[in-house]
Amino acid sequence: MKLPELRGILQYVTRFRDKVFVIAINGEILESENFPNILLDIAVLRSLNIKVVLVHGAASQIQQAAAQRGTPVSNIDGTGVIDATTLQLSIDVGIRLTNGIMEGLTQVDLRAAYANCIIAHPAGIIHGVDYQFSGKVE
Numbered sequence: 000m001k002l003p004e005l006r007g008i009l010q011y012v013t014r015f016r017d018k019v020f021v022i023a024i025n026g027e028i029l030e031s032e033n034f035p036n037i038l039l040d041i042a043v044l045r046s047l048n049i050k051v052v053l054v055h056g057a058a059s060q061i062q063q064a065a066a067q068r069g070t071p072v073s074n075i076d077g078t079g080v081i082d083a084t085t086l087q088l089s090i091d092v093g094i095r096l097t098n099g100i101m102e103g104l105t106q107v108d109l110r111a112a113y114a115n116c117i118i119a120h121p122a123g124i125i126h127g128v129d130y131q132f133s134g135k136v137e
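In this note's numbering, the protein residues as written are 0 to 137.
Possibly wrong hints are sitting among the right ones.
For lysine-lysine, the following DSS-like pairs were computed, each having C-alpha atoms within a straight-line distance of at most 27 Å [stated by the list, open to error]:
id, residue 1, residue 2
1, LYS18, LYS50
2, LYS50, LYS1
3, LYS1, LYS18
In short, the hints are calculated from the structure, not lab data. Quick caveat, the model's predicted, so the values are computed rather than measured.
All chains, please: the whole structure from these sequences, using the hints.
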C-alpha cells in the first residue's frame, strides 16, 4: 500500500473504531477461491478495533445437497411453505458452512463464536395454507 492510500483510509479508522459492521455474504461466495481474502479483510477490520458480525447465506449449498440426496426442497428462499425435510437439510448445510467459516477465521488468527440466537415465530395457517416450519424472524 502506498503512503497516499494509507493517508486516505486514516479518516475512516478513527470514525469506525469500536463500531460494529454487519457483513452479509451470499452462500456462493463461501465456496469462491476469493473467500480467504474476504476473511483476511475481516482480520484487518478487527485489527482496527472494528467488531464484525458475519451473516451468510446457504441457498446454493442447500440446492446442491438436495440434488445429491435426491431430496426435493419445498422452498429455498424462505417465503413459502418449508417442510420438515427442507428444514433439516437447511440446518445440516448451515452447520457445515458455519463450521467452515469458523475454521477459516481461526486460520487468520481470529477468535470467533456463533450463537443459535434467532427468535422466530411460526407463520401458522394463512388463508387455509399451513406454512409448516415457515415463520417470521424478530
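Okay, the hints, checked on the actual structure:
For the hint linking LYS18 to LYS50, the alpha-carbon distance of about 6 Å falls within 27 Å, and the restraint holds. A hinted pair counts as satisfied when its Cα atoms are at most 27 Å apart, and LYS50 with LYS1 qualifies at roughly 26 Å. This hinted pair checks out: LYS1 and LYS18 have alpha carbons roughly 26 Å apart, not beyond 27 Å.
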